[in-house]
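K.L.:
Listed here are the chains, written in short residue letters.
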Amino acid sequence: MPRLPTPVTLPDRGEKRSPRTRTRPFLALGKGGTAPDNPAGRNRPGRRIRQETATAWAFVAPSVLVILGLSVVPVVWSLLLSFQADDLVTPSRWVGLDNYRALAQDPHFDQAVRNTLVYTLLYVPLSIGFGLLLALALNRRIRLVGLYRTLIFVPFVISAAAQGVLFSFILDPEFGAANAVLDKVGISPQGFLNDPGQALAALLAISLWSGTGFCVVVLLAALQDVPPSLVEAARLDGAGRLHLLRHVVLPSLGPVMVFLLLWQAITSLQVFDLVYVTTKGGPLGSTTVIVYFIWEQAFKNFTAGYGAAAAYALALALLVLAAVPRLTRSVRDRTRADRHLEGAAR
Amino acid sequence: MTTASPSPAASPSPAASTSSASSSVYADTACPPPTGAATGPRRRRTLLPFSPWHLLLAPLCLLFAIPLIWLLLSSVMSDAEINRFPPSLWQSGIDLEGYRYVIGNAMFPRWFANSLIVSLTAVASNLVLGSLGGYAFARMRFAGSRILLALMLATMAIPFQLTMIPTFLVMKRLGLIDSLGALIVPSLVTPFAVFLLRQFFLSLPRELEEAAWLDGCSRLGVLWRIVLPLSRPALSTVAVLTFLTTWNDLTWPLIAINHDTQYTLQLGLTTFQGQHHTRWSAVMAGNMITVLPVLLAFLFAQKTFIQSITSSGLKG
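Protein chains in written order, with this note's numbering: chain L, 2 to 347; chain B, 752 to 1067.
Looking at chain L on its own, in the form it has when it is part of the complex (with noise of 0.2 Å):
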């Protein structure tokens, strides 16, 4: 289960669509007595302009507090934490850059990365492409559509406690219900969950259950977004099927595809519920994670200092992961501009 699904990885347009104009009060404050019921004594500017300001800031101020402190704070803290060994009870000591060396050379933060690396690859094209296919199977009218939509987007809106707990049941290599089936048809029973050769697959195989019906959703719903002018003038010039589909409908998803390919990359490199319900990152570490290692140092091992140390780490691949999409479009961007401009020197 993601969190808050945040319009932070979108491109802010909207911000600043909103000029300055929007913000400004409600009246022209220096022209004090245009409000009837307000004697002319209190409407001198100086005085409205302090008590809108007092105003807004008892309107901000709680979650200023909230998001700022929980926030702000705790980067820093984390920080500081990264250079130090901390076990979370004792007063802490600085070690520089040791935890960062150490990081290096851990075989365990390695082999967390790699996974990391393997599920988030594979689960980022799979989600959206099978996510692709049912959107586009979907988006017609024929009847149950709306039934179908809601049965494959259930999953998402159940916890990823409960989708380990329930997985766990049906693929238990003793009495599970999945080893029950592959029984029937004349295959040996499988590990699943307890194979360190197939755990990182059922979970992937989990998550792309419980994830595949976001990306229906979203892209239905983009889908649906199309100018239907657009369509009918390419089929006017005699598109096929596969052209319209080739030509038409796939461009117009792009921004759409650019969000999802963000947002289900950056749920995947943080996924842990699922890790910590199901396998605990076992068998022999084969579903251990970066998040869960994370956990595993810090409320565990007690480790803090470490823990922070990997978790600066990942939060450095997010970063450089949300900075790409911005920095290849202003990049396009500029050469574009730079070839309109050569055209119009032509």
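Since the hints were derived computationally from the structure, they do not count as laboratory data. There is no bait here: all hints are sound.
Just the calculated beta-carbon pair ranges, DEER-fashion:
| # | chain 1 | residue 1 | chain 2 | residue 2 | range |
| --- | --- | --- | --- | --- | --- |
| 1 | L | Asp196 | B | Gly855 | 31 to 39 Å |
| 2 | B | Gly1025 | L | Ser189 | 23 to 31 Å |
| 3 | B | Ala831 | L | Leu243 | 50 to 58 Å |
| 4 | B | Asp1011 | L | Pro190 | 30 to 38 Å |
| 5 | B | Arg957 | L | Asn302 | 52 to 60 Å |
| 6 | L | Lys185 | B | Ala901 | 53 to 61 Å |
Pulled a few chain L residues facing chain B out of the computed Cβ check, cut under 8 Å:
| # | residue |
| --- | --- |
| 7 | Glu53 |
| 8 | Val65 |
| 9 | Ser79 |
| 10 | Phe154 |
| 11 | Ile171 |
| 12 | Val218 |
| 13 | Ala222 |
| 14 | Ala312 |
| 15 | Tyr313 |
| 16 | Ala323 |
Every value quoted in this text rests on a predicted model; they were computed, and no experiment measured them. By construction, the Cβ of each residue, glycine as well, lies at the ideal position given by its N, Cα and C atoms.
Since the structure of chain L is provided, determine the placement of chain B on it from the hints.
P.N.:
Below, chain B without anything else, positioned relative to chain L:
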């Protein structure tokens, strides 16, 4: 359930649905047709009494539904039935032993109440604090507002695992660890709620607010009487997503709570499974209890859920 689908009411029979997919429908601008590769003009009628797409979609959707059906079935099985190998789909009857055990012997009712307290407090406070903050950022000018808003937006990009260790230490200093307070405080208000509501308030016309302002209404009065009644869609989006994330969260309760009287349902279920993994019927009954509130909320307010999730991603 079908009310949330884009069109089934418009196609009373399969034949009608085939004909409505012809190109003539595009003249109807009031009802934009679904676009895609399938509604080609050369589409021919098939021998089947229904669209051939059902042959693909029905089994696929069944695949998504089977684990949940199995969850429901196994929660009302007796342990003897569950442990039979291979398990049988057809059971002798409904056995509520699992539910009895979970409610009587385990602390599921307590955990349920804890989860409910935490989630509902988070929803209420996100609505209140998010509206206040969002309104100030949308309509009021005060020193530092732009920097503050930018800062708050930037915090949305901070991954949780970066802050979780120090947040634990902060909560420990505040003496909240091992109490519901530790779960409530970090989710009191999210930058997402403030930002989403701000964007929605910006899209409202100012005239009504100005009229009320001229009539001597205070800022709070304008927000309460004029703005909030117009903001139902944004408020329900915030409510739905806040409830979903706080109810479903496992990571933070796992870190902040040790004592089992303070567990949330997710944490309780996880621990319960660890201790009773041979009593599958009880575990599945507990799982059912954990899943049911969200599932029911989703089925009854499906449209709001789906709109919340798509809009927060696309238009936020």
